Structure formats: structure tokens, C-alpha cells
Amino acid sequence: MKRATYREAVRSAMRQAMSGDERVFLMGEDVGRYGGAFAVSKGLLEEFGPDRIRDTPLAESTFTGAGIGAAMGGMRPIVEIMTVNFSLLALDQIVNNAATMRHMSGGQINVPVLIRMATGAGKQVAAQHSHSLENWYASVPGLKVLAAGTVQDARDMVLAGLDDPDPVVLFETMVLYGMEGDLDEEAPYDGVWRAAVRREGDDVSLISYGSSLPKTLEAAEALSKEGVEAEVLDLRCLRPLDQQALEATVRRTHRAVVVDETWHTGSLAGEVVARLVEGAFYELDAPVERVCTVEVPIPYAKHLEDAAIPSVARIVTAAQRTLGKG
Amino acid sequence: MKRATYREAVRSAMRQAMSGDERVFLMGEDVGRYGGAFAVSKGLLEEFGPDRIRDTPLAESTFTGAGIGAAMGGMRPIVEIMTVNFSLLALDQIVNNAATMRHMSGGQINVPVLIRMATGAGKQVAAQHSHSLENWYASVPGLKVLAAGTVQDARDMVLAGLDDPDPVVLFETMVLYGMEGDLDEEAPYDGVWRAAVRREGDDVSLISYGSSLPKTLEAAEALSKEGVEAEVLDLRCLRPLDQQALEATVRRTHRAVVVDETWHTGSLAGEVVARLVEGAFYELDAPVERVCTVEVPIPYAKHLEDAAIPSVARIVTAAQRTLGKG
Amino acid sequence: MSSSAPSDRSHARTLLHQMLRIRRLEEKCAEVYTQGKIRGFLHLYIGEEAVAVGAIGALEDEDAIVATYREHGHALMRGVPMGAVMAEMYGKANGCSRGRGGSMHLFAVDRHFYGGHAIVGGGLPIAVGLALADEMLGRRRVTACFFGDGATDEGEFHEALNLAALWKLPVLFLCENNGYAMGTALDRHEADVELIHKPAAYGIPAEKVDGMDVVAVERTVRYEAETVREQGTPRFVELNTYRFRAHSMFDAELYRDKREVEEHKKRDPIALFTARCREEGLLDDEALEAIEKEVAEEVRAAVEEAEAGEIEPLATLASDVVSREVP
Amino acid sequence: MSSSAPSDRSHARTLLHQMLRIRRLEEKCAEVYTQGKIRGFLHLYIGEEAVAVGAIGALEDEDAIVATYREHGHALMRGVPMGAVMAEMYGKANGCSRGRGGSMHLFAVDRHFYGGHAIVGGGLPIAVGLALADEMLGRRRVTACFFGDGATDEGEFHEALNLAALWKLPVLFLCENNGYAMGTALDRHEADVELIHKPAAYGIPAEKVDGMDVVAVERTVRYEAETVREQGTPRFVELNTYRFRAHSMFDAELYRDKREVEEHKKRDPIALFTARCREEGLLDDEALEAIEKEVAEEVRAAVEEAEAGEIEPLATLASDVVSREVP
Ligand SMILES: Cc1ncc(C[n+]2csc(CCOP(=O)(O)OP(=O)(O)O)c2C)c(N)n1
Ligand SMILES: Cc1ncc(C[n+]2csc(CCOP(=O)(O)OP(=O)(O)O)c2C)c(N)n1
Ligand SMILES: [Mg+2]
Ligand SMILES: [Mg+2]
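Residue numbers (my numbering), protein chains in the order written: chain V, 1 to 326; chain A, 1 to 326; chain W, 1 to 327; chain U, 1 to 327.
Just chain V, with the same shape it has in the complex (with noise of 0.2 angstroms):
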């Protein structure tokens, strides 16, 4: 156990599964000699090589198919989205490749390719540059969908996603690169493919994941200091989404918020309260209240973008809502 940033425990994973399997490399825009545009990969093109460690040119779709191709051949590819804004690019690969292949070909293939790529705004860098769109890659099957809300997570979805014998999309929080945390090296981690309850209490569910997570446990301290106690559920697989644990948690609680950083039309959150609907409705004493982005494309200026993103002053009023309170 040691303390270390996000960025660190991705690196940390990637030098551990290249070191553990030849098959495995890391494709991607500026991953080799620039180091990673957020540094993620700084140090593992002087590790492994260039062999290895792959500058690609800028055509999204076409390194994201190639990586599709390589795991199609043998390889286990980690391609790296600089973000997912440019995914837009890739996203004819990834949904009508990456994702189809194993069944239109009648289970005579399988793609077993890890997409990485940051996500999420806070970084003033506008309309072009903060989506989230973990909501359009949670809703297509054949993929499956991580999203590392933690320092110990985004090692182990790493590491969990190349295990998978599926394409894995993985989620990293672009403004998380820097948190600190504590890793373990040696965990195992294939606990990454379901939710996870990081704070007890009985009075409110808070679910979220990723780039809200700190806000949402941040908001359930500022709960509890007014007499409210809520339980923290990290979503962390989503897709598929781990139905037992959302049905279980508003059982125990009878409320829940909803934060995710997807727009909040057709947001991930939107899912998540159908299915607390269909799997729990009885349980429900009051609306599951959803705290996302409001419908702008993100504005530069920081107290607008501030202001369109969700934030623990928005849970903490959603929540005691969700209590008749305020």
C-alpha cells in the first residue's frame, strides 16, 4: 500500500500488464514521446519501446480499428483516446466492430481490445473539449463499461479490462489525474465489475460514479453534518449495471440522487432511476431526484461551466429534497 495520484495508478497498471504479457501494448495520439497529453504514459516509451508504446498519427477511427484488428489477431491493445470528444471520430468502430463482431459472427470471434479514454469537463476547455458521454457507450451491447472513480480503481479497471476477453471501454476522469489516494499493487481486482458502497447510511442513496464521485462524498459529509446520512454507491461498472446493488441500497435507504456528468436528458442517471423503477418502485418514498449537467454545451468561463456541471451544492439540495426538506 502506498500513496500515489490517478495518473500514477494507471501508469502503475499498464507497466504491470506489459511486463506480465508480451501481447500487450499501448497505442494512441502523443502516448510515447510527449509522454501522454496528460502524462499518463511519461516514462513507458523509454520502458518498453516504441514497439510497444505507439504514437499514432491523429485518425481516431482508424487506430481504434487497427487496435480492434490487433486484438482480433492475437494481441491485447490498449488504445488510448486522448478524450473522449475525439471518440466521435471512433465511434463507428467501436459500436459496429468493436462491439458486433462476436455476435454477427456467430461467437467465432472475440475482441478482446481495452479503449482508455478521458472524460468529463472542469478544465475550462469548452464546448469541443468536456463532453461525457458515458451514457451512448453504456447502452451498447457487446461492450462493457468502466469508469474509475478512485486511485485504487483506476489501477484495477486497467488491469481488469485487459483480462476481459471483451472490448472494455475505460472511463478516467480527466480532473482526477492529480488526486491522491492509496494503491495497493497487489490487489486483486475483479471486484471493479461491481458497485461499490463508499459510505454507509440509512437515510439517502447517493449513486454515482467516476468524476462525481468526490462530489458526492463530499456532499454526503455536508449531509451528515445537518443530521443526514447518506449512503455513497459507486457505480463503477456501467455497463452492464449491477442491478442487485442499486435495488439493494434504496431498500435500505427509500431515496435516492442520482449525479452523473452526462447531460441531463438522456443521462446515464435518467437509466439508472428506470431501472430503480422497474426493480424497486415499492421501495421509492419519494422521486429519485437526478443531478446532471444542465442542457449547454459547456461554456468556457469558469463560473459558467462551474455553474452547468453538477456540484456538491446541487446533491446536498437534491438530497434533502428527496427528505421533504427545503
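Note that these hints are calculated values from the structure, not bench results.
Do not take every clue at face value.
Said to hold, decoys possible - Straight line, CA to CA, 35 angstroms or less: simulated DSBU-like cross-link-like pairs of lysine-lysine: (1) K168(W) - K258(U); (2) K42(V) - K258(U); (3) K258(W) - K168(U).
None of the values given here were measured: they were computed from a predicted structure.
Starting from the known structure of chain V, fit chains A, W and U with the ligands onto it as the hints suggest.
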């Protein structure tokens, strides 16, 4: 008032728009010489000439972007993307340019482009050609999204979309192109931005749109034979959703089934459920049901495809469940 | 131009036999399609048979193949049994993709046939990736990537050529130029119709060959494939051919003149090759009849196999979506 | 190679003045960025000023411009007031995009400046569309589309060139080749580093020019723009330049050697041009000082304007998402 097919209704609207406004033109793959992949634009090349009926290269991203640019330049382009499946290649242009241009320029420019695409399964064209992604498009601020479920709407939505100063995505249902219905070519068409009650009933609300509307109406008739009177609400405009109409219908029926052909997880139906919870939770006497597509890439074999997408039988059963029957 | 001469009698027989297997199978497909036994998109290769037969005949068995939605011929040439191909189009469990893929998604991974792909241009990055895996694993094989003239419009075509050239990967790009992308003639979808100018912009050697001349195709592709195998770098071949039938079963062919089609039919690759073999005295009526009989029997048996096949039980609807459920 | 000579004193003054406006503004941006007054991505153009100044100086005012996220210089050259540019980076309501866009999204539609675009390659289709509108509306203007060497990797680059050439649209493609796509050198992202080979594959005439020579850039772009205007068909210019600063403020520059940067700084476009003007006796110390003073004052005023600017009220957060609410 006359009888016409859904296909003819779209063509009639495009003809009317091009006759009335020099700035309107159609561009897309095979819209000209071929007559349109689904024969929608058949005859328009002869009538309006190659300058206004433009066959494009197979380059979805660029011809869609060019339509966006032409709209910025003062034209009123109709961009036909043959099917939603290929729109994955154009998503960057639609999401990062069409939808953001106005906001990130501080309101300096608007993008009056109409993007039409055929959508849905049911033709045995398998995993890569049978997508339904209305849920994705409906989640993007800056876009307006329409889906035509009737012959009249197929015409009205083209005209309404062209009148709108913002980017409008219009979903045309592949399997409905041959459907016959009444068509009034003089009718006002601004109503398409609001949901419409297609059948009245007090027992349960069946909420649907596009490809699922005819199935839903059929299910309502079947339910009626069993003494269940269902109200059928056609959403029509998927962004912005008609929250008033959603709340109004469950206030009448207190039960709802949402039918839509997107995959169950992350479906547009899920968003509708979340909105009912947000706006009419205490009106709901039973869990809202979703009838969506099973989580599988659409298989080729007919019996498997039929089983994957919403069916009259599944809608009926779901409706009965909300009434505690079966 | 007529067709070049094959090396010998057995070679002649093989080429003609393979071309006829494709032709007769597809004629039968068109027939049963009208009976509703095959549905969805059906893209016939009739007129283009010399391309798949010559090109795939020139590859090694372990070479990888990535094809398009117009791939019945490619699958047959790579040894996918005709019955498994027909059963797939019937949507039966004994189809080569268990009825999940249909006409556009024939797969036979055990034969390194990595599928029919229905998104134009979508197969190219996959081919580059397969070649990347070969290169990294030290597997000395060629990945042959088939695509049409329309695919050269797509950005992915350019990205894929650049990546293959930049990383020096053993991909053989095989452009089946039949002059049309659906109803759009080459000169209405490409500013420069000289397609071999495009690979040149990535330093990829390219040549053209008459795609109606099966022997010429075979000779050219053998040379190009061997060179890719030796040098480990990508190469490009444009195969000029023509589609005799509609693009798919939903095509009224408004965009081309019947006379144009008739003109091209004069260069039917099968007729040209048969004539040449007769001239050379390599095949006589008897031999020809024997081949036709053998093919007819194979097609009959394939239909029988397809008709007899079981459909997948509904219970398995969602099988093979993922290979492992999460723990 | 040094810089070419300007036609006369006032021309010399204008060019130098404009290059210095960009240089000094950006030096100030870097300074206030470290104070946290500008945030997000900030891509400096320092070292490349001769490209925007020469190229945009050669265009007509009504010509349209589509630029990238490295567009401060282009905006200034097109007449966007420095204060409005600085205020935008400060995220203030008096910014040219009301603080919604920031450094990467400067817009001035009234000046036909159609924005900074942050998706590499994403601006090219927009430029083609603007030119299409001009062509259809009979508006005789050129659309100048700026993009970097990295953008030539993207499929959209190829699709856009093909469409512009196929439809004969008046687009002037201006490739700012600074040798790197972020940290990736040209020869590690393009198989053929001779970028003018690419437009050739679409029949688009192309030429290269020394992007460090402002007069040469101006001369070349004027000729090319005029030709596009007369013939109504696309043309392509590669402008060879170099980025003196980091790619953005988050770049440790591990990928290039300090010596390499120093080498290129010897060809600083401003120094080269100043030297040449002195040789020609077109500018003396006094004139130079006057320009620097004027620019310093403009920068000071711009910062003042930005500092003084109001921020948009939170109540308007979701304004300008659509132009019309649905009825
Ligand atoms: C990305 C994409 N756009 C459009 C289509 C629809 N479509 C199917 S085949 C085809 C024409 C392809 O032409 P070409 O590449 O020359 O192949 P050919 O059919 O002539 O063999 C089109 C436009 C598609 N399948 N994928
Ligand atoms: C589609 C896309 N991929 C990746 C990025 C991240 N990115 C921003 S600038 C850049 C390099 C672009 O290089 P070039 O086109 O040469 O322009 P330059 O920055 O050198 O002016 C990259 C990779 C992006 N903005 N868009
Ligand atoms: Mg073709
Ligand atoms: Mg560059």
C-alpha cells in the same frame, strides 16, 4: 387530403420546400441518379436539377459538415444520411459543430440545417445496419430531434425542420416508408414540436414514437378487446421532450408503458421514465414499464430479429403488468 | 482484350470451376430471394468473379482476408462450404455465422476469413490491425483487404493507407473498382478517377489489372502478395471490373443505361476465359459440361442443406453478445 | 534564406506591426495564464506569425476564414479588436464570443471569421460548406481554411479535399506545417512528409512557401487566392513554419531538443523581416520603437478591457443553445 405513402409524404414536403425557397437543396449519397436508397427522392433530380439534388461521395462526416457549413453560409440544406448507422461517421460534425456553433460563438451564428436519416430494424439487414440511436441524438443540447410515426408527420416534420433556425435531426422509419395514410399537403405543420394523443383511453398510457407507433396502436386495439382502454401518446419531438404531455397522460391513467426501439439500457424510454418520476411520481400507481430492444446486436435471422425488437405482444403484456394482470 | 491463358489444363479447370461456383450460387440466391427465403440486403458479385477467384487463388491459405458485404465469392474461394454460405443467407443455425450475420457478414475465422463488413471503409482499419498483430507476433502472413471504389471516398481509407505505410505493415489493399458506388459513377464520387494516385500519396506501390481477366488477376496478385510477404510493407492493386446485376435487390438501376451493361457483358470474365481455354485446347465441351454438372450438384446440395437447417432457438437470442459475463 | 523585401515603407510597417501585435499579445497571454487569469487550453502562435499576417493580409475583407484553436493571430489580422480577443480568454461578456468560447473559439461572423475550431480536421468540412453556399448563392468570395500538418492525418482532410475538387468549390486550403502534431513529428505521423502530394491525388494545384517569410507568404497567398476567386476551384498552399513555444500550456516538450528550437529561432519571422527592412532602409530604430510603443499600448489597453469586463450572469447560463424555443 389524399392517400399517400410515408415515402411520398417526405418527397412531397421536400418538393414543396424547394419550390418555395431557393435556398433549400438536398445533398446525400445516391439522392439523385439512384433516386434515393429508399426511393424517397425519386424524380427530384429531374425536377430540380443536379445543383439542388446533389449526389455526394461516400464521406458522411464531410458532406454532413458541408451541409452545416452551407447553412452557416445562408443556405437551407437538407442533408440526407442514408441511414442512422452511417451517421456514426458524421457524429463529430453534428455534435461538435452543428450543436455547439451557436453557443460557443456567443450567439453569433445559427445553423439551419435539416439532417434526415432512415432508422430502425425490421428489414433483416443485421447488426451494422439496424441501429436505433434517437436516444443519443435526443441528449445533445443545440439539436432538435423529430421522429415521424405517421404519413402526415413525415411531411410536416420536413417542413417544420426546414423552417427552424437550428439544426434539426429528423428520423424516418425505414419500415414505414411504404405505409399508406392520409396526407394533407396544405396542412399547417408547427404542431410537430409537441406530442400528440393518437388514441384516448383511461386505463394505461402507451407512450411511443416513430417505428413503434403503429405497433403501439395495434397493441391498444388488442387491449381494448380485453376491456383495457389505453391512451396512446406519440412523442413526435424527441428533443425537447413534451414534459407537459407526459405528465398529463399519466395524470389521466396513472400507469404507463414506454415503447421504443432503442436498446433497453440507455433507451429513450428510460429518459421518459425518469421524467415521469421527476414530474408525476405521485400519480404513478405502478412501475412504469419499458418495451425496448433486447440487448443484442440485431441478428439477421427473421425470428431472432423479431424477438429482439418491440412487438405488439410484448407491449400488451407490459400494459397488463402495469394493471396487475398476468 | 480477351483473357490470358492459364498454365495448364488443371489450372484452367480450377479457375473456371471456381468462377462458376460463384456465378451459379448467386444465380440461385437471386432466385430464392424472390421466394423470400433470403431477405435483407443481397449484393451479387456476378460479373466480378475473376477478381475473387484470381486474387484469393494467389494467396496462401494462412493469409488473412477482410472483405465487404459483397463477399459470397470471397468466402467460397477461401473454402467456406457452399452449404454453410447458403444456410447463412437462409438465417439458419448451420450457416457459417449461425444465421446471425446473413449475406453481408460471412465469417470463417478458422480459415482466416475475417468477415464480410457492411460499413463501407470500415474493414480497412481492421485489416491494418490484423497485419499489426502479425508484425508484432512475428507471424509472416499477408492480410488481403478487399474494398470497392466507393470506399476510397471515405476518410478511413486514407487513414488506413497512411497507418499501414507509416508502420510498414503487410497489408495488400485490393480495390475492386466496378465503376460505381451504388448508383454513383466513379467520376461523380472521386475528383481524380485514377485511383492508384491515392496510394502514391502514402508511398504505397500500386498497379492496376484487368479484373475481367482471371489469369492476369492471379498473376498480378501473386506477385504483389509475395512482395508484401517478403518486404513486410503494404501494396495496392486496383482491379477493374463491372457489376452485371443491380447493386442490391432494391435497385432499379436508374443510373445506368442497359446498353452500358450489355457492353460490359461482352467481357464476361467467365465467357472470356472459357473462350480462351477452348482456343488453347485446354477445355472441351465435355470438360465444360462436367464442370457445370458438378457445380449444379453442389448448388443443389447447398440449397438442400440450407432448407434442412435448424433455426437457432429463441432462448439463445442474446447469446454471443459477450464472451464472458462479468463476475 | 532571409525574408523577402516589402514593396514600400508603409507596407513594411503594416506587416511588422501586425506580426508584433500577435507576438506581444501572446507573450502577455502566457504571462497572465500563469496568474490564472486565462485558463483551459492556450495554444500560442509565437514563431508562426508570418503565416497569418501574410496570408490574411492577402485576402479580401469579405473572404471567409475558418481557423483552428491556434487562432489568436488570425483573429487579430481579420480585425477582431485585441480587447475583444483578450476579454474572450478572460471569459468575459465583452469577449468576442461572450466568454463562451475562450481561446480556442474566437468568432467574428460580421467579419466573416467563422471561428476557431478545436477538433483537428473538423473545420475543413465547414469551410467546404461555406464555399458551397457562396457558389450556390453566386457570392464571389474565397473561403480560406487554415489547419495544421496533423490535420492531414484525419480522414476528413481527404474527404474535404475530394468534395471541394469534385464540386469545384472556391476553397483555399492553407496548411500550417510547423513540423509537429503536438509532440509527434511530421515523419512519425505521415508516411509521405511531402504534404503537397496529397492535394495532387484530388487534382488540386498546390505549392509550398517559406512560412517564415511574411512577404513570400503574402505574395503566394495573394496569387493563389486570386486564382481561386477567378477559377472558382480549390487550391492548396503548404506554409512551412515552426512553433517556438510549447504546444499548449501543458506541454513539457520532451519530444524535441532545445537546440532544434534554437536553430529555428534563428529564422524568427519578425527578426528576419526587421533585418530585411533595415537593409532596405525601410525602417529605422525610431520607426521600430514607435511600432513597439503602439503595440505595447494596445496590449495594455486590451488587458485593461479584459480586466474591466463583466462576466455573464449565471441566469443566462443556458442562453444561445438554440435560437428559437419550440412553439
Ligand atoms: C459508411 C457507409 N455509407 C453508406 C453505405 C451504403 N452503401 C452500401 S454499399 C454502398 C456503395 C459502395 O460502393 P463500393 O465501395 O464501390 O462497393 P460496391 O458496392 O461497388 O462493390 C453504399 C453507399 C454503407 N454501407 N456504409
Ligand atoms: C480529432 C482530434 N484529435 C486530437 C486532438 C488533440 N490535439 C489538439 S491539437 C493536436 C495536434 C494538432 O497538430 P497540427 O494539426 O499540426 O496543428 P498544430 O497544433 O501543430 O498547430 C492534437 C492531437 C484534437 N483536438 N482533435
Ligand atoms: Mg463500386
Ligand atoms: Mg503542426
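Structure-based check of each hint:
Between K168(W) and K258(U), the direct Cα distance comes to roughly 30 angstroms. Compliance with the 35 angstroms bound is thereby established for this hinted pair. Straight-line distance between C-alpha atoms of K42(V) and K258(U) comes to about 19 angstroms, which keeps the hinted pair within the 35 angstroms bound. Taken as a hint, the K258(W) and K168(U) pair is honoured in the structure, with Cα atoms around 30 angstroms apart against an allowance of 35 angstroms.
Violated hints are absent here; each numbered hint is respected by the structure.
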